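Asker: This is what each chain is made of:
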Amino acid sequence: MIKGAVIGLGKMGLSHAAIVGAHPEVDMVAVCDASSLILDAFKKFSQVHTYNDYQEMIKKENPDFVVIATPTRFHYPMVKYALENGKHVYCEKPFSLHAYQGEELVQLAQSKGLVNQVGYHNHFIGTFRELKRLLQAGVLGEIVHFTGEAYGPVVVKEKGGTWRSKPEEGGGCLYDYASHVLNLVQEIIGRPVEASGSQLKSIYSKGVEDAVYCSLKLENGISGQLAVNWSDETHRKMTTSLTIIGKNGKIICDATEMKIYLKEPVKKEGLEQGWTTKYITDFAIPVNYYLRGEEYSAQIDNFIDCVVNNKQSDYNTFEQGLYTDKVVEMIIEDAKK
Amino acid sequence: MDKVLFGDNQFFAVNHASDEKARAQSVRFKEDKAIMKVLDDAIDLGINTFMCTTHDRIANICDIIRANPDRYKNFNIYPCMPYAHKYANAVTELGIIGTIKQYVPGNIFGTFAKGGLAFVNKDFIKLMELLIDAEMKMFKGINTPVIFIQNVIVDMILGLKMYDVFKAYDEYIRKKYNAEPGYITMNMPALLDVLNSLGIENPIICSSINKIGFRMSGGIELYEKYLNEKQFRPIAMQVLAAGALRPKEAIQYLEKFPNIESVLFGASSKGHIQETKELIESVI
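Listed in order, the protein sequences are those of chains W and C.
Per numbering that gives the first Met the number 0, the very first residue in the first sequence carries number 0; after that it's consecutive.
Per numbering that gives the first Met the number 0, the very first residue in the second sequence carries number 0; after that it's consecutive.
Bear in mind the hints are in silico, worked out from the structure with no lab data behind them.
Worth double-checking, as some hints may not be accurate.
As the list claims (entries may be wrong) - Below, in silico cross-link-like pairs of lysine-lysine (DSBU-like), each with a Cα-Cα straight-line distance of 35 Å or less: (1) Lys249(W) / Lys247(C); (2) Lys277(W) / Lys85(C); (3) Lys32(C) / Lys100(C); (4) Lys10(W) / Lys160(C); (5) Lys266(W) / Lys247(C); (6) Lys125(C) / Lys59(W); (7) Lys85(C) / Lys32(C); (8) Lys175(C) / Lys236(W); (9) Lys200(W) / Lys131(W); (10) Lys210(C) / Lys266(W); (11) Lys156(W) / Lys32(C); (12) Lys258(W) / Lys210(C); (13) Lys255(C) / Lys277(W); (14) Lys43(W) / Lys121(C); (15) Lys236(W) / Lys160(C); (16) Lys10(W) / Lys79(W); (17) Lys20(C) / Lys10(W).
Keep in mind it's a predicted model, so treat the numbers as computed, not measured.
Produce the entire structure from the sequences given, and follow the hints as far as they go.
Answerer: See below:
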């Protein structure tokens with residue numbers, strides 16, 4: 000058994016705590032949060048130790064790893080402290096508020112040889128994995144364009160709120176929603192190197208954007224567009240999709256299905272000419288404990304597996320998370336022009 | 000429980016295999032009367048139980064049911080609470096305390112209000128009871144013999160090992176609503192072990208049960224073992240594995256497990272409802 004602890008018990012933190020708690024190879028020894036209400040619930044109903052000071056928790060409990068799911072501005076000091084004390088770290092997305100801080104953390108994790116992972120859960124959704132595989136197999140031929148989209152009903156009326164409405168703390172649709180799509184584009188199609196025509200639009204929020212639109216150019220020369228809006232109540236929950244157009248057809252992929260259109264069949268993949276639809280039921284990653292979606296358990300399972308077997312993650316390393324932060328900064332800079 | 004339970008996912012744009020189909024459904028069921036029409040079709044075919052989330056629009060359906068007592072006197076609703084996306088979106092925007100403020104009835108900072116007292120005293124069980132009452136309000140005067148908690152809550156409590164919450168829920172549903180508590184889960188074997196350890200015997204558990212092991216966490220072998228060997232009242236859902244299986248082969252799979260009491264399914268056309276109902280009744 001290895002020992003784990005969770006810092007930050009908001010929506011993602013509670014979800015991670017449940018997943019870590021249910022993992023057969025982990026003893027979840029402690030949780031840390033600023034809210035006494037939440038901590039008292041843990042005190043009353045569970046056996047884990049509770050802290051409101053993460054440094055004290057790390058010192059006293061000496062866990063093998065920590066999961067950090069606090070508001071983004073706390074990531075830097077907390078991840079740094081955990082790494083300096085030799086803890087493997089799983090950190091929620093977005094990774095850092097400032098790329099220079101993220102750089103420091105990437106180097107620290109690498110120099111200490113500690114497992115590091117960021118919570119871009121879409122890479123643990125079977126359809127997106129299959130999309131990446133099909134693109135690498137070249138089924139679309141030369142790629143000419145992509146569209147990355149995400150829509151959902153987070154802010155659907157005018158009213159102020161939490162840190163999520165403060166841009167300096169990592170609030171807003173760009174950090175929260177668009178980062179998911181940017182990270183998918185980055186890992187599945189190619190790393191963006193230039194943003195242009197960026198528009199950060201406030202719809203209901205004051206102080207932060209509710210929608211992000213921009214053009215992106217990737218290091219491999221492919222270009223495409225990003226369209227993200229978290230004030231779209233036509234979606235029941237967050238819906239993320241990538242559409243990729245190549246000379247041999249196109250693929251529209253989201254978390255539940257993949258629609259493939261091919262001009263010429265690709266026999267080795269069993270893909271015929273015309274439309275083929277593939278469903279998540281064929282690609283879902285099996286998990287031992289399910290909460291809200293296989294991907295949330297699968298990403299934690301991957302992290303724990305790396306810690307137990309002393310190997311680095313193939314998915315969502317700090318370095319990959321940092322690159323997404325840099326693209327976010329590119330878009331912010333471009334929008335100011 | 001009836002052998003056939005009619006579900007509501009199709010009415011609320013929930014489709015586990017296709018966001019596009021989900022959207023088409025949301026267009027079709029824009030008006031409450033479109034939902035009522037399908038429910039009436041189901042009732043005419045002899046289905047008497049509707050298992051539904053505590054979605055805001057269900058309140059309108061309940062109004063129609065209350066207004067026509069003769070037509071719906073034998074009709075049961077199994078509420079499933081809470082409608083999780085309502086809370087999840089609120090937590091992202093307002094934080095956990097902000098969400099409690101928004102949904103616990105009354106002013107939680109007024110210490111004389113029931114909710115205020117529970118909040119100040121950090122009486123979590125009382126808060127849970129108040130939230131249950133708030134969700135149950137829409138069903139007043141309607142038969143609700145079984146009341147479920149949704150899988151997202153059940154499975155979170157399970158993962159956090161806050162097992163006493165199950166006990167409190169179980170007791171409150173029996174005492175206040177004179178109903179049988181039910182549990183929806185994606186982790187059936189683990190949940191059954193925990194409920195049994197708390198002294199909750201023969202619980203009603205609704206979980207995915209399908210031939211391909213979709214959303215059967217812990218693995219299909221363990222599920223089959225529990226269905227064959229353990230004592231509980233299983234309801235099978237996601238029998239078609241989000242559409243990956245054809246109805247006939249999907250439902251035939253259930254024949255292996257005589258302990259299954261009911262099957263939950265949703266459909267929109269009368270023909271489809273009839274076909275599925277007959278298939279279920281032929282094996283259960």
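Asker: Each hint: holds or not?
Answerer: Against the structure, the hints come out as follows:
no. : hint                  : result
1   : Lys249(W) / Lys247(C) : holds, 34 Å
2   : Lys277(W) / Lys85(C)  : holds, 30 Å
3   : Lys32(C) / Lys100(C)  : holds, 33 Å
4   : Lys10(W) / Lys160(C)  : holds, 17 Å
5   : Lys266(W) / Lys247(C) : holds, 31 Å
6   : Lys125(C) / Lys59(W)  : holds, 33 Å
7   : Lys85(C) / Lys32(C)   : holds, 23 Å
8   : Lys175(C) / Lys236(W) : holds, 33 Å
9   : Lys200(W) / Lys131(W) : holds, 30 Å
10  : Lys210(C) / Lys266(W) : holds, 29 Å
11  : Lys156(W) / Lys32(C)  : holds, 28 Å
12  : Lys258(W) / Lys210(C) : holds, 25 Å
13  : Lys255(C) / Lys277(W) : holds, 29 Å
14  : Lys43(W) / Lys121(C)  : holds, 10 Å
15  : Lys236(W) / Lys160(C) : holds, 27 Å
16  : Lys10(W) / Lys79(W)   : holds, 23 Å
17  : Lys20(C) / Lys10(W)   : holds, 28 Å
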